[in-house]
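Chemist: These protein sequences, in sequence, are chains A and B. Going by the numbering used here, the residue at position 104 of the first sequence is 104; the numbering climbs one at a time, nothing skipped. Going by the numbering used here, the residue at position 217 of the second sequence is 217; the numbering climbs one at a time, nothing skipped.
Worth flagging that the hints you see were computed from the coordinates, not collected in a lab. Built from N, CA and C at the ideal position, the CB exists for glycine as well. A hint or two may mislead.
Unchecked claim - If you anchor each label on the Cβ, the simulated ranges turn out as follows:
| # | chain 1 | residue 1 | chain 2 | residue 2 | range |
| --- | --- | --- | --- | --- | --- |
| 1 | B | Phe195 | A | Leu29 | 55 to 65 angstroms |
| 2 | B | Leu73 | A | Gly10 | 50 to 60 angstroms |
| 3 | A | Tyr302 | B | Ala123 | 19 to 29 angstroms |
To be verified - In silico SDA-like pairs for lysine to any residue, Cα to Cα no more than 25 angstroms straight-line:
| # | chain 1 | residue 1 | chain 2 | residue 2 |
| --- | --- | --- | --- | --- |
| 4 | B | Lys20 | B | Ile34 |
| 5 | B | Lys20 | A | Gly126 |
| 6 | B | Lys20 | A | Asp129 |
| 7 | A | Lys125 | B | Trp282 |
| 8 | B | Lys20 | A | Phe131 |
Given next are the chains, with one letter for each unit.
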Amino acid sequence: MRRYLWRRIGLGALTIVATTMLVHLALYLAPGDPIGYLLNGQPATPERIAALRAQYNLDEPFFTRYVSWITGVFQGDLGTSAAFNADVSTLIASRFQTTMYLVLISFVFISVFGLTLGILAGLHKGGIDSFSMATATILSSIPAFVGSFILINVFALQLGWFPAIGGGDGSLSSAISHMTLPAIALAFSAGAFVARTTRASIRVESASEHVVTATVRGIPRNKVVSRHIVRNALLPVISLGGLLFVGLIVSTAFVEQAFAINGIGGLLVVAARQQDFALVQAITLILVISFVVVNLAVDVLYWILDPRIRSEVA
Amino acid sequence: MSIGQIAIGRNRGYRKRLSKLGLLGWLAVFVLFIFGVIAIFGSALAPHDPNKIDLAYSYVGPIPGHPLGFDELGRDLFSRLLVGARTSLIGPIVLVISTTLIGTSIAILAAWRRGWTDAGLSAGVDIAVAFPGLLLAILLSTVFGASLWVAIAALTLAYTPSLARLLRSSALRETGMDYVKALKVLGFSDSQIIFKHLLPNLAPFIIAQAIIMFGYATLDLGGLSFLGIGVQPPTADWGTMVAAGASGLLQGYPTQTLAAGSCLVLTALSFAVIGDRLARIWGVE
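From just these sequences and the hints, can you work out the full model?
Modeler: Structure (C-alpha cells):
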C-alpha cells in the first residue's frame, strides 16, 4: 500500500509541475507585452515601467521566472493581480470557500440524480429504462448557464422558495439556501453523464458470469443486486467522479455569473478576459492541485473497495 | 477487387435504414431543418434591423409587428433571435468539422501504423482527455484574447482526444479484419485501402459521433459566448443573448434569456436524439 501510494503521490507532483510549467510557458510566449495591463491606466513613465518589469521579472528568461514563481508559492506569495490591483492569495482565499460549498452541494445532487436514474435504468428494461434515459438526455441538453435562469425564474422569482442571486453571508445555512439552485443547475449535465455511465456499467455487470452464478445458486434477487451488481458497477462511476471534479470547479463560472456569486470560477473568467496572468496562474495551480488530490482519493478508494487492485500491486 | 466490394457491402445498407428514425427522430430533423433555414436566410427573414437601438422601447413586451418584444436597448428580439442563429450554428459547424478531421486522422494513423506511433498517440490522448475543455478555452483566451476563433480552436483541442480514442478502437478492430489483410496481399496501396475501404466502413460511426458532438459543440460555444470569451457583443448570438437578458430576467422581463436559451437547448436536444437514433440503427452505440 505504501509503495503504491508513494508512486501515486510522485506522479501527482509531476503532474502539478508539468502543468504549471506548461501554463507559464504559454503565457510567456503570449503575443503582446503585458506591460499595458500592468500599468492599469497609470502614466507610462520609464521609471514606472522599469519598476513593473523588475517586479514581475519580465526581463528574466522563462526558467528563472518559473523558479521565482514557484519559490513564491511555497512562501505563500502568489503575486499581485494586475486587474484587481490586489494580492492574489487574498482574492482567492475569500472566494475559495464559496466555490467549495457550491461544488460539494452539486456533487450531492449529481450522485443522487445520476445514481438513481442510472441504477433504475440499468436494472429494469422497457418503460423505466426509456423514461430514465429520456430524462438524462433532456438534462444533458440543458447547459448550466440556461438551467440557472430557468431555475431563477421558476423557483426564485415565481415561487420565491430560494434567493435569486448572491452567495450568502458565509454561514452554512445561508450557503445552503443560496447554493441550492446553482448547485442543481450545475448538476444537470454531469448528473446525466453519471446516469448513462452507471446504466452501462450495471448492464455489463448484470450479464457477467458471477451474477448468473449467484442467481442460479438461489441467492435472493435484492442481495444479488446490492452485493454482486451495484457494488461492482460503481467502481467505474467512482473514477468518473474524480475526472468530473475539476471540470465542475471550472464550470462554476457559469452559475457564478448567472447567480452573481463571487467564486473561483467566475474569478478565473474575469482574469482571462483582463489577461491577468498572475491570477490565471494561481487559479490554475489550485485546479491542478485539486485534480491531483481528488484522483489520489479515488485511487485510495479503489484500493479499499477492490481487492483485485490490492493483489495486483502487492 | 471483389473482396473489397464484398466487405463494403456489409455496411452500405445504412442509407436505407434511415426510415427507422421514428417520429421523435424526424421531429428533431424537422427542428434542425428549420434552424438551418433560419441560419442561412436569417438576415433576410428578420422583420427589423437587429442592431437598431431605440431606448424608448427598452423592455417593451410583444406589440403587433414585434412578436417577442424588445431587449434592454430597445432592439427587436425576434429579429436578433433569427440573425443570431447563424453565429450560433456556424461556430459548431467549424468545430465539428475540424475535430472530426483531426480526430479521424489520429485514430487511423494510430491503428494503421500500430507500434510506437500508436503508443505515442494513445499516451498523448490519455493525458489530454482529463483536461477540462472549458479550462483550455479560458487559458487560450488569456493568451490570445477572447474571440470566437480562439474558442473554436480551444474546443477542437479539447474534443479531439476523446473522439480519437473512440475511433481508434473501432479502426483497430477494422484493420485487424481479413479483408484488409487480403487487400494488402493483393497489392493495393495504403491510401487506396484507407480511403476506399476503411473510411467507408467507419463512416457510420464517424457520422454518428459527429452528430452527437454537434449538440455539445452548440452548448459549449454558447457557454463561452455567455461568459464573454466567445462571440463578442454587439453581434447577435444565442449565448451572448442569454447573458444580455440576465438583468432583464431579474426585473421580470425573462423573454430574451429564455428564448435564446430555448433555441440552444432545442438544437442540442435535436442533435442528441438524432445521434442516439442513428447510433442504434447502425449498431455503433
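Chemist: Hint by hint, note whether the structure agrees.
Modeler: Comparing the hints with the structure gives:
1. B:Phe195 <-> A:Leu29: 55 to 65 angstroms: violated, 37 angstroms
2. B:Leu73 <-> A:Gly10: 50 to 60 angstroms: holds, 56 angstroms
3. A:Tyr302 <-> B:Ala123: 19 to 29 angstroms: With a Cβ separation near 21 angstroms, A:Tyr302 and B:Ala123 satisfy 19 to 29 angstroms, so the hint holds.
4. B:Lys20 <-> B:Ile34: OK: B:Lys20 and B:Ile34 at ~21 angstroms, within 25 angstroms.
5. B:Lys20 <-> A:Gly126: holds, 19 angstroms
6. B:Lys20 <-> A:Asp129: holds, 20 angstroms
7. A:Lys125 <-> B:Trp282: Cα-Cα ~21 angstroms, so holds.
8. B:Lys20 <-> A:Phe131: holds, 20 angstroms
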